[in-house]
Amino acid sequence: MPLRTLLQADDVRRAITRMAHELVEHDPDADRLLLLGIPTRGAVLARRLAAEVARIAGREVPVGVLDVTLYRDDLGTQPTRATGRTDVPADVDGATVVLVDDVLFSGRTVRAALDAVTALGRPAVVRLAVLVDRGHRELPIRPDSVGRNLPSAKSERVRVLLTETDGRDEVTIE
Amino acid sequence: MSDHLLSTRDLSRDAAVALLDVAEDMADTQRRTVKKLPTLRGTTVVNLFFEDSTRTRISFEAAAKRLSADVITFSAKGSSVSKGESLQDTAQTLQAMGADGIVIRHQASGAAAVLATSGWTRAAVVNAGDGTHEHPTQALLDAFTIRKRRFGAGSRGRDLAGLDVVIVGDVLHSRVARSNVWLLTTLGATVRLVAPPTLLPTHIESWPVEAGTDLDAAIADGPDVVMMLRVQRERMTEAFFPSAREYAALYGLSAARADRLRADALVMHPGPMNRGLEIAGSVADSPRSTVLEQVENGIAVRMAVLYDVLAGERTA
Chain A
4 MPLRTLLQAD DVRRAITRMA HELVEHDPDA DRLLLLGIPT RGAVLARRLA
54 AEVARIAGRE VPVGVLDVTL YRDDLGTQPT RATGRTDVPA DVDGATVVLV
104 DDVLFSGRTV RAALDAVTAL GRPAVVRLAV LVDRGHRELP IRPDSVGRNL
154 PSAKSERVRV LLTETDGRDE VTIE
Chain B
8 MSDHLLSTRD LSRDAAVALL DVAEDMADTQ RRTVKKLPTL RGTTVVNLFF
58 EDSTRTRISF EAAAKRLSAD VITFSAKGSS VSKGESLQDT AQTLQAMGAD
108 GIVIRHQASG AAAVLATSGW TRAAVVNAGD GTHEHPTQAL LDAFTIRKRR
158 FGAGSRGRDL AGLDVVIVGD VLHSRVARSN VWLLTTLGAT VRLVAPPTLL
208 PTHIESWPVE AGTDLDAAIA DGPDVVMMLR VQRERMTEAF FPSAREYAAL
258 YGLSAARADR LRADALVMHP GPMNRGLEIA GSVADSPRST VLEQVENGIA
308 VRMAVLYDVL AGERTA
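Residue numbers (this note's numbering), protein chains in the order written: chain A, 4 to 177; chain B, 8 to 323.
By construction, these hints were calculated from the structure, which means they are not laboratory data.
Treat the hints with care, since some could be wrong.
[Unchecked claim] Computed footprint of chain A on chain B; a stretch qualifies when at least three of its residues, placed anywhere within it, have a C-beta under 8 Å from a C-beta of chain A:
| # | stretch |
| --- | --- |
| 1 | 23 to 33 |
| 2 | 270 to 283 |
[Said to hold, decoys possible] No farther apart than 25 Å at their CA atoms in a straight line, the calculated lysine to any residue pairs in the SDA-like style are these:
| # | chain 1 | residue 1 | chain 2 | residue 2 |
| --- | --- | --- | --- | --- |
| 3 | B | 42 | B | 72 |
| 4 | B | 43 | A | 124 |
| 5 | B | 84 | B | 95 |
| 6 | B | 42 | A | 157 |
| 7 | B | 84 | A | 109 |
| 8 | B | 42 | A | 99 |
| 9 | A | 157 | A | 117 |
| 10 | B | 43 | A | 92 |
| 11 | B | 43 | A | 157 |
| 12 | A | 157 | A | 109 |
| 13 | B | 43 | B | 72 |
| 14 | B | 42 | A | 76 |
| 15 | B | 43 | A | 121 |
| 16 | B | 42 | A | 176 |
| 17 | B | 42 | A | 96 |
| 18 | B | 155 | B | 256 |
| 19 | B | 72 | B | 35 |
| 20 | B | 155 | A | 84 |
| 21 | B | 42 | B | 62 |
| 22 | B | 155 | B | 265 |
| 23 | B | 72 | A | 90 |
| 24 | B | 43 | B | 300 |
| 25 | B | 155 | A | 176 |
| 26 | B | 42 | A | 121 |
| 27 | B | 42 | A | 93 |
| 28 | B | 42 | B | 265 |
| 29 | A | 157 | A | 80 |
| 30 | B | 155 | A | 90 |
| 31 | B | 43 | A | 110 |
Glycine included, each C-beta is placed from N, C-alpha and C at the ideal position.
The following block holds chain B by itself, in its conformation from the complex:
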């Protein structure tokens, strides 16, 4: 179907639904006696991580191994990258080693697209997070999780038309929020962003969303899904809000706020959570929370993505 997965912005509604349907089939295989599939036998997948991310890396690693690919993990720390090697030299080295697919996490927005279009490598490129730009597999696993909770066994073939999703928190620094905005609206959902004014991006008028600063008002409207974003202290070089206590009071999903949600509303979080800051521990552990399902579904979704970019003949 495609050669790379760089952004959810490029995905059409039908392509996104097809990917989620493949992920359903992948999830089913993980309930079999033999969970390993021979599908990508003989294929080499390199996890190229310039930023630390244990969760995303092991999720991709599990997905690639379940499909019988050989997995090589290349962490920038302690590698030649820390000695000043450029992305170009790293990519050309991986090409020479026979990488068929490269899963890249990089601190620079656009790094995955550069790798895919540079000509340095013929490998299929999957964006595992680039700067504050996109994290497409996270959005796909979020959409998959919403669809699965809403429609259960009848999920295949469906989009998210008519669902109201509120995304709360540090939208400014969040690639998860960006990828979800494009994907969820493509799938027919309505997306509303709630954040402190300092944590909303400046060019948000061009996004297909509503934006506000009042979490209580958004909850009063009875959304189907509330997605909490992690407060990313490591990306904040200045003070975006006065104190953690004030942030938690205004933008945290407390037990009292969660009680005002509809009985069937979902609470999501991409992890890792700051319990007590953006989400109360009791809410994260409640039945409406999908946090652990998101982790489990992440493997099936990444299997679907790796299958999509690596199994068919290469068109490039």
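Isolated chain A, as found in the complex:
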């Protein structure tokens, strides 16, 4: 299938700004907001979202990285995956944790992330923010904030490119 661009840099930027507004509106009283990005691009998005939330709400929001590799259910189906560093700068107990990822697909990564986050403590609330929801869920998992819904065929490949990791902001499908 040919490669098509679904979102340009401006679309990505606007989507992140809108998601940040949604997060603030969702939990206006959450004084203990904690953004945790799932590597690699979820971690980049979490940092951008945190900067936007800080701009909108006028306060700093702690942002960290949550590696979910050791909690995955598909480890045995491929060569051993490299693990990544988890860096959580604030106490998870009682916090409003927002999990951030680039693409929501089967939901299995998010399931692993829920296990990983509850191993760190007991959050008051866990929410899910994704830049792209491409459908095809295999588990009862639903995002709270979506940058863009992009219906896709299951066999297609949706890729999110971000300046920090890929040199430019773009979402493609092939």
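We have chain A already, so just place chain B on it with the hints.
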């Protein structure tokens, strides 16, 4: 990444650094509220120990349990092995019982490699010490400990380039020394061996190391790390040195020798220690000693090794 861990000689620099990095992530998980990871759920790990080794066995056992594997311990003493069962029959029995991984400690050099290549079992094999050949997880935990002390939170991705390591003592009988020679030099460190002439192996010219017999000269050169080996009386069938007193005087790390080390130099020992023989008690308990960190790091390193050989799909 790999199906077995038999030797540090097979590890490339990048593979070794990657394993140490996974161990860093494993160590981080051990500071969480819930330390148990679901990673190896449904996997069975057999600790197959033909030689006594309480420390290594419980370290592997803790590592496997933290990853949610089922652990079966098979000690040769009091088992069918003492009734004359061969390694082949033991391995085939464990295969029939559904072992996914076998951690083997054996008195014969090469036993782990035999188990891995014999076809008697499809299990992933981890060498936990074979004769005087290798003890790869000990070398990995030593490298991890050196890196952690040197570079702290900035350890990930780094090797040990430029560090000078002196390994002192019974090199002849030491699988720990062999595994460390291969691994530390692969990671870029310079290794010097110091031992009585009777306790240096004969074919040492082919090793990527310098060897000498003068501990004071080695200390005067200002090494970053001094690794003391245990005097293994149980492996010595003849007299390798005149007396324990003379060994301690010439090759023991006394307080006076330790005082001549650089302020930031590390003192390591794989345990169990003969205090007063190869290492003075006051040195073993001093801030530069990493003895207890080595034990703690051993669990994270063995978690990384078990993850490496057991979590991914099997290529064999």
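Outcome of the hint check:
1. 23 to 33: holds (count 6)
2. 270 to 283: Check failed, 0 qualifying residues.
3. 42/B to 72/B: Judged against 25 Å, a Cα distance of about 10 Å means the pair holds.
4. 43/B to 124/A: holds, 13 Å
5. 84/B to 95/B: holds, 17 Å
6. 42/B to 157/A: violated, 36 Å
7. 84/B to 109/A: violated, 50 Å
8. 42/B to 99/A: Holds: residue 42/B and residue 99/A sit about 22 Å apart, inside 25 Å.
9. 157/A to 117/A: Within the cut-off at roughly 24 Å; holds.
10. 43/B to 92/A: The hint holds at about 21 Å.
11. 43/B to 157/A: violated, 34 Å
12. 157/A to 109/A: Answer holds: residue 157/A to residue 109/A is near 10 Å, not above 25 Å.
13. 43/B to 72/B: holds, 8 Å
14. 42/B to 76/A: holds, 18 Å
15. 43/B to 121/A: holds, 12 Å
16. 42/B to 176/A: Measuring from Cα to Cα gives roughly 39 Å; hence the hint is violated.
17. 42/B to 96/A: OK: residue 42/B and residue 96/A at ~16 Å, within 25 Å.
18. 155/B to 256/B: violated, 31 Å
19. 72/B to 35/B: holds, 16 Å
20. 155/B to 84/A: holds, 23 Å
21. 42/B to 62/B: Given that 25 Å is the threshold and the Cα spacing comes to 20 Å, the pair holds.
22. 155/B to 265/B: holds, 21 Å
23. 72/B to 90/A: Since the Cα atoms of residue 72/B and residue 90/A sit roughly 24 Å apart, the hinted pair holds (cutoff 25 Å).
24. 43/B to 300/B: holds, 20 Å
25. 155/B to 176/A: With Cα atoms ~42 Å apart, residue 155/B and residue 176/A exceed 25 Å; violated.
26. 42/B to 121/A: holds, 11 Å
27. 42/B to 93/A: Judged against 25 Å, a Cα distance of about 18 Å means the pair holds.
28. 42/B to 265/B: violated, 37 Å
29. 157/A to 80/A: holds, 18 Å
30. 155/B to 90/A: It holds: about 17 Å lies between the C-alpha atoms, which stays within 25 Å.
31. 43/B to 110/A: Holds, at about 23 Å.
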